[in-house]
Amino acid sequence: MIDLGTLTIRKAHEAMKRGDFSAVELAEAYLKNIEARNVELNAYLEVFDDVREQAQEADARFKEGTATVLTGIPIALKDNILVKGRRVSAASKILEGYVATYDSTVARKLKEAGVVLLGRANMDEFAMGSSTENSAFGPSKNPFDTSRVPGGSSGGVTVAIASDMALAGIGTDTGGSVRQPAAFCGLVGLKNTYGSISRSGLIAMGSSLDIAGPIAKTIEDVEILFEVLRGTDILDSTSIEIKIRNSKFEIRNLKIGVPENFLTMKGIDPDVLENFTASIEKLRAQGCTIQNITLPTIPHSLAVYYIIMPAEVSTNLSRFDGVKFGLHKEGERLLDDYVLTRTEGFGKEVRRRLLLGAYVLSSGYHDAYYGKAVRVRTHIEQELDSVFKTVDVIATPTTPTPAFKIGEKAQDPLAMYLADIFTVPANIAGVPAVSLPSGQVKREGKSLPLGLHLMAAHGNDRILFECGRLFEGSVQVRLHAK
Amino acid sequence: MAITIEEIEKLASLSRIELTEAEKGEMQGEFDAILGYVASVNKVAEGHSSDAQSSTSTLNILREDDTAHESGIHTETLLSSAPKREGQYVKVKKILGS
Numbered sequence: 004m005i006d007l008g009t010l011t012i013r014k015a016h017e018a019m020k021r022g023d024f025s026a027v028e029l030a031e032a033y034l035k036n037i038e039a040r041n042v043e044l045n046a047y048l049e050v051f052d053d054v055r056e057q058a059q060e061a062d063a064r065f066k067e068g069t070a071t072v073l074t075g076i077p078i079a080l081k082d083n084i085l086v087k088g089r090r091v092s093a094a095s096k097i098l099e100g101y102v103a104t105y106d107s108t109v110a111r112k113l114k115e116a117g118v119v120l121l122g123r124a125n126m127d128e129f130a131m132g133s134s135t136e137n138s139a140f141g142p143s144k145n146p147f148d149t150s151r152v153p154g155g156s157s158g159g160v161t162v163a164i165a166s167d168m169a170l171a172g173i174g175t176d177t178g179g180s181v182r183q184p185a186a187f188c189g190l191v192g193l194k195n196t197y198g199s200i201s202r203s204g205l206i207a208m209g210s211s212l213d214i215a216g217p218i219a220k221t222i223e224d225v226e227i228l229f230e231v232l233r234g235t236d237i238l239d240s241t242s243i244e245i246k247i248r249n250s251k252f253e254i255r256n257l258k259i260g261v262p263e264n265f266l267t268m269k270g271i272d273p274d275v276l277e278n279f280t281a282s283i284e285k286l287r288a289q290g291c292t293i294q295n296i297t298l299p300t301i302p303h304s305l306a307v308y309y310i311i312m313p314a315e316v317s318t319n320l321s322r323f324d325g326v327k328f329g330l331h332k333e334g335e336r337l338l339d340d341y342v343l344t345r346t347e348g349f350g351k352e353v354r355r356r357l358l359l360g361a362y363v364l365s366s367g368y369h370d371a372y373y374g375k376a377v378r379v380r381t382h383i384e385q386e387l388d389s390v391f392k393t394v395d396v397i398a399t400p401t402t403p404t405p406a407f408k409i410g411e412k413a414q415d416p417l418a419m420y421l422a423d424i425f426t427v428p429a430n431i432a433g434v435p436a437v438s439l440p441s442g443q444v445k446r447e448g449k450s451l452p453l454g455l456h457l458m459a460a461h462g463n464d465r466i467l468f469e470c471g472r473l474f475e476g477s478v479q480v481r482l483h484a485k
Numbered sequence: 065m066a067i068t069i070e071e072i073e074k075l076a077s078l079s080r081i082e083l084t085e086a087e088k089g090e091m092q093g094e095f096d097a098i099l100g101y102v103a104s105v106n107k108v109a110e111g112h113s114s115d116a117q118s119s120t121s122t123l124n125i126l127r128e129d130d131t132a133h134e135s136g137i138h139t140e141t142l143l144s145s146a147p148k149r150e151g152q153y154v155k156v157k158k159i160l161g162s
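Here the protein sequences come in this chain order: E and F. Just so you know, we're using the working numbering here: the first sequence kicks off at 4 and counts up by one. Just so you know, we're using the working numbering here: the second sequence kicks off at 65 and counts up by one.
In short, the hints are calculated from the structure, not lab data. Just so you know, these numbers come straight off a predicted model, no measurement behind them. Quick reminder that beta carbons are idealized off the backbone N, C-alpha and C, glycines included. Any given hint could turn out to be false.
Said to hold, decoys possible - The calculated lysine-lysine pairs, modelled on DSSO-like cross-linking and capped at a C-alpha distance of 30 Å, are:
1. F/LYS74 <-> E/LYS351
2. F/LYS107 <-> E/LYS332
3. E/LYS87 <-> F/LYS88
4. E/LYS87 <-> F/LYS148
5. E/LYS96 <-> F/LYS107
6. E/LYS87 <-> F/LYS74
7. F/LYS88 <-> E/LYS96
8. E/LYS392 <-> E/LYS269
9. E/LYS96 <-> E/LYS114
10. E/LYS392 <-> F/LYS107
11. E/LYS258 <-> E/LYS269
12. F/LYS157 <-> E/LYS412
13. F/LYS74 <-> E/LYS408
14. E/LYS327 <-> F/LYS107
15. E/LYS332 <-> F/LYS88
16. E/LYS327 <-> F/LYS74
17. E/LYS35 <-> E/LYS112
18. E/LYS112 <-> E/LYS87
19. E/LYS327 <-> F/LYS155
20. E/LYS269 <-> F/LYS157
21. F/LYS158 <-> E/LYS412
22. F/LYS157 <-> E/LYS96
23. E/LYS112 <-> E/LYS246
24. E/LYS412 <-> F/LYS148
25. F/LYS88 <-> E/LYS66
26. F/LYS74 <-> E/LYS96
27. E/LYS20 <-> F/LYS74
28. F/LYS155 <-> E/LYS96
29. F/LYS107 <-> E/LYS269
30. F/LYS107 <-> E/LYS87
31. E/LYS66 <-> E/LYS96
32. F/LYS158 <-> E/LYS332
33. E/LYS96 <-> F/LYS158
34. F/LYS148 <-> E/LYS327
35. E/LYS392 <-> F/LYS74
36. E/LYS258 <-> E/LYS412
37. E/LYS412 <-> F/LYS88
To be verified - DEER-style ranges, computed between Cβ atoms:
38. E/GLY334 <-> F/GLY136: 28 to 36 Å
39. E/SER450 <-> F/GLU110: 21 to 29 Å
40. F/ALA103 <-> E/SER450: 53 to 61 Å
Excised from the complex, chain E in its bound form:
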């Protein structure tokens, strides 16, 4: 029996290298769990039918001596990452029957490293949501309490990892979609610097905000995945190289900024604040300097986000017209084909954002909304730039509350949007951020995980790994869903 609950990428790699178990045995252990739990939790929309074959290839690489640290590692991929020859739907009916015609750069790099791709994980349709309730194929459930959401939009990936249906996974994050579900499921989720991992072959949502990011049980696993996936790519003109870590930097000298004005807003659960204070004390005990900072413009990030993001959504999603791929509905004229296809294919939240995007870009309102939002966005970047001259990272909770109930926010889109209040600024400014498991709160007899959110300066992703290791060392046990 392989103890999947405590397994990490590093441990699995060492075990396969020693021959404690094979990649096939590891893959079979995960498939067995998927068999037992996926019907209830709905983490996967599809489990690939060639998992054993992929694992056999991984075992061959161990024999040949060409195995990498990721060879044979069972991975869940969010359903908006293209893998050539496999279906991909962004959890939307409009991509019914669509098979990817090329590999995303993320998938290509994972394949080259020899991972075992387990399947396509559930998500909010087109990554629009914070709970996976917007999936056209039903919500995923939080393994810590199945009456609650796992967070979103990368909720399928986090459910899979938290319930031992995958060892690690790749999500995407436009406003918090990697970090918020990682927090709700007791995992580490990285939103790396914008452009540090190629976006080629991801189904686009907000192109100036989107990133692909790793999710795993430990900061080391997330770092391993990040280092394999990162780098410039000719297929993504926004891709960049990040900074080399300053070798003189001593992690114990870390300066952590705590934005008091951001933490005293309405709607933040007292238990979340208490947990956050305890986390900060742990970092202080490790020798970090804690500094109170003021970020007057940052709390407006979410308002900026709900202008820029829908504008980009309405542009990006115009390509779904029933002509080139996916669903096609037949009408009388070509325009009717478009309208019928899109009306049937897009769910409620997608429609809402299409209309919002059309509104903020329309003549007469463009200057009042989009123009102003772009201006405030630049100001937010500058505000962060100047704060990062005095502190190394900025700490907040990842989410204002623990995981909420399925259906609780379904009728109130604005309440759902506020779930991303702490995560959105990093996307607006393009800076890196990570959510780390920070403990738990009790709700109705169940333990629900919480997350600590750390944000660093542009290109300074690696300081988050150092900081994550420091914090991980001070938190006793990772909460594990049974």
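Since the structure of chain E is provided, determine the placement of chain F on it from the hints.
Here is chain F on its own, set in the frame of chain E:
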């Protein structure tokens, strides 16, 4: 600055989707709440220059305009994704004279 049902209909038509009467009403209420929330950018934007440049964005990264691949090698793969095709073409209804 409440949004009207007519405006909702106009936005739906621009977005190439149809809404039921019930959806239009719902959307109207939600729009008022969301637009009320995002309107805070107006106040914040005051006093900030409109020509400030982002310090981190990557600008004008271009590649050589040469032949990326042999002509036609992806044609069949891409056409096979199209719901309707005729030979080497994606098939759509005629748009002229209607």
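Going through the hints against the structure:
For the suggested pair F/LYS74 and E/LYS351, the alpha carbons sit about 17 Å apart, so the restraint of at most 30 Å is met. Distance hint between F/LYS107 and E/LYS332 is unfulfilled; the C-alpha atoms sit about 44 Å from each other, more than 30 Å. For the hint linking E/LYS87 to F/LYS88, the alpha-carbon distance of about 39 Å lies beyond 30 Å, and the restraint is violated. The suggested pairing of E/LYS87 with F/LYS148 holds, with an alpha-carbon distance near 21 Å, which does not exceed 30 Å.
The suggested pairing of E/LYS96 with F/LYS107 is violated, with an alpha-carbon distance near 40 Å, which exceeds 30 Å. A C-alpha spacing of about 39 Å is found between E/LYS87 and F/LYS74, which places the hinted pair above 30 Å, so the restraint is violated. Using a Cα cut-off of 30 Å, the hinted pair F/LYS88 and E/LYS96 holds, with the two alpha carbons roughly 22 Å apart. Our distance criterion of 30 Å between C-alpha atoms is met by E/LYS392 and E/LYS269, whose separation comes to about 29 Å.
Taken as a hint, the E/LYS96 and E/LYS114 pair is honoured in the structure, with Cα atoms around 27 Å apart against an allowance of 30 Å. Distance restraint check for E/LYS392 and F/LYS107: the Cα-Cα separation of roughly 27 Å lies within the 30 Å cut-off, and the hinted pair is therefore satisfied. Under the criterion of a C-alpha separation no larger than 30 Å, the hint pairing E/LYS258 with E/LYS269 is consistent with the structure, at around 27 Å. A threshold of 30 Å between alpha carbons decides the hint, and for F/LYS157 with E/LYS412 the separation of about 42 Å lies outside it, so the pair is violated.
Proximity of F/LYS74 to E/LYS408 is assessed by CA-CA distance (about 35 Å); at most 30 Å being required, the pair is judged violated. Distance hint between E/LYS327 and F/LYS107 is unfulfilled; the C-alpha atoms sit about 43 Å from each other, more than 30 Å. For the suggested pair E/LYS332 and F/LYS88, the alpha carbons sit about 22 Å apart, so the restraint of at most 30 Å is met. Among the hinted pairs, E/LYS327 with F/LYS74 is consistent with the structure: their alpha-carbon atoms are about 26 Å apart, no more than 30 Å.
A hinted pair counts as satisfied when its Cα atoms are at most 30 Å apart, and E/LYS35 with E/LYS112 qualifies at roughly 27 Å. Distance restraint check for E/LYS112 and E/LYS87: the Cα-Cα separation of roughly 13 Å lies within the 30 Å cut-off, and the hinted pair is therefore satisfied. With a C-alpha separation of about 9 Å, the suggested pairing of E/LYS327 with F/LYS155 holds against the 30 Å cut-off. At roughly 54 Å between alpha-carbon atoms, E/LYS269 and F/LYS157 are farther apart than 30 Å, so this suggested pair is violated.
For the suggested pair F/LYS158 and E/LYS412, the alpha carbons sit about 44 Å apart, so the restraint of at most 30 Å is broken. In summary, the hint linking F/LYS157 to E/LYS96 is supported, as the alpha carbons are separated by about 23 Å, within the 30 Å threshold. Between E/LYS112 and E/LYS246, the direct Cα distance comes to roughly 21 Å. Compliance with the 30 Å bound is thereby established for this hinted pair. Annotation: proposed proximity of E/LYS412 to F/LYS148 is violated, straight-line Cα distance about 40 Å (limit 30 Å).
For the proposed pair F/LYS88 and E/LYS66, the alpha carbon gap of about 62 Å is over 30 Å, so the pair is violated. With a C-alpha separation of about 24 Å, the suggested pair F/LYS74 and E/LYS96 falls inside the 30 Å cut-off, and the hint holds. For the proposed pair E/LYS20 and F/LYS74, the alpha carbon gap of about 62 Å is over 30 Å, so the pair is violated. Our distance criterion of 30 Å between C-alpha atoms is met by F/LYS155 and E/LYS96, whose separation comes to about 21 Å.
Between the alpha carbons of F/LYS107 and E/LYS269 the distance comes to roughly 20 Å, so the proposed pair stays at or under 30 Å and holds. For the suggested pair F/LYS107 and E/LYS87, the alpha carbons sit about 47 Å apart, so the restraint of at most 30 Å is broken. Pair hint E/LYS66 plus E/LYS96 does not hold up; C-alpha atoms about 43 Å apart against a cutoff of 30 Å. For the proposed pair F/LYS158 and E/LYS332, the alpha carbon gap of about 16 Å is at most 30 Å, so the pair holds.
Restraint check: the Cα-Cα separation between E/LYS96 and F/LYS158 comes to about 26 Å, which is no more than 30 Å; the hinted pair holds. Distance check on the hinted pair: F/LYS148 and E/LYS327 sit about 8 Å apart at the alpha-carbon level, within 30 Å; holds. Between E/LYS392 and F/LYS74 the alpha-carbon distance is near 47 Å, which puts this suggested pair outside the 30 Å criterion. For the hint linking E/LYS258 to E/LYS412, the alpha-carbon distance of about 37 Å lies beyond 30 Å, and the restraint is violated.
A distance of roughly 20 Å separates the Cα atoms of E/LYS412 and F/LYS88; the hinted pair therefore holds under the 30 Å criterion. Between E/GLY334 and F/GLY136 the C-beta distance comes to about 32 Å, which sits within the given range of 28 to 36 Å. The hint said 21 to 29 Å for the Cβ distance between E/SER450 and F/GLU110, and at roughly 46 Å that hint is violated. The supplied range of 53 to 61 Å is broken by F/ALA103 and E/SER450, whose beta-carbon atoms lie about 40 Å from each other.
Checked against the numbered hints given earlier, the structure breaks hints 2, 3, 5, 6, 12, 13, 14, 20, 21, 24, 25, 27, 30, 31, 35, 36, 39 and 40 and satisfies all the rest.
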